[in-house]
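Using the sequences provided together with the hints, build the complete structure.
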Amino acid sequence: MPEHPACTVTPNPLDEFGVISRFFTDRSFYPSAWPSQGAGDDCAFLDVGPMRLAVTADMMALGSHFLENADPYTVGRKALAVNLSDLAAAGSEPKAFFLSISLPRIDQCWLDGFSKGLLEEARRFNCPLRGGDTVKSFAKPGQPPYTAISITAMGELPAGKGLTRAGARVGYDIWVSGTPGDAFAALGQIFG
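So the sequence shown is residues 2 to 193, counted in my numbering.
Careful, some of the hints might be misleading.
[Unchecked claim] Label pairs and their in silico Cβ distance ranges:
1. 16 to 101: 22 to 32 Å
2. 124 to 10: 39 to 49 Å
3. 90 to 147: 26 to 36 Å
[As the list claims (entries may be wrong)] Here are the simulated DSBU-like pairs of lysine-lysine, each with C-alpha atoms no more than 35 Å apart in a straight line:
4. 162 to 96
5. 162 to 141
6. 162 to 79
7. 96 to 117
8. 141 to 117
9. 141 to 79
10. 162 to 117
11. 79 to 137
12. 137 to 96
13. 79 to 117
Since the hints were derived computationally from the structure, they do not count as laboratory data. Because the structure is a prediction, the values reported are computed rather than measured. No residue lacks a Cβ here, since even glycine has one placed at the ideal position from N, Cα and C.
Okay, structure coming up:
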């Protein structure tokens with residue numbers, strides 16, 4: 002990849018938060034935009050009139066977040082659940098989500114299982130699908146097909162309310178469900 006003469010590269014590699022802070026945090030003033038806080042957190046809060054929206058977006062990619070032989074029903078549930086988890090962490094009530102999916106081919110059996118899991122999770126948490134996009138993905142010859150799933154979910158909460166990572170204080174409880182590290186351990190077993 003060609004280098005750009007005006008580009009300054011940091012001496013240390015950037016993590017996810019470093020990338021967001023350096024390249025995708027725009028501190029410009031947009032006079033007609035909704036006021037916001039929380040960029041770089043699990044959810045961004047948008048103040049819209051008398052209410053506040055919590056908005057989150059998560060992406061899942063084949064090979065990184067699910068394997069080719071994964072049950073599509075489970076992939077569908079997980080795709081929405083990771084977004085609903087962010088909304089819950091922000092203290093908001095789920096209201097709607099948008100699905101964008103990139104598929105190498107139309108596999109009706111895979112899509113049947115995926116949509117059943119996705120929509121079951123939506124009904125469980127009263128968070129309907131309200132739009133999105135589908136595109137065909139292409140791979141170079143000899144490379145495996147590629148699937149990517151992106152969901153943007155929106156929740157509602159009272160104006161001025163919402164939980165962010167910055168709100169944590171010494172002495173607060175931390176609650177964890179399940180066993181931390183299980184997913185990482187499972188990948189270690191698979192790729193051993």
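_Tell me the hint numbers this structure goes against, listed in increasing order._
5
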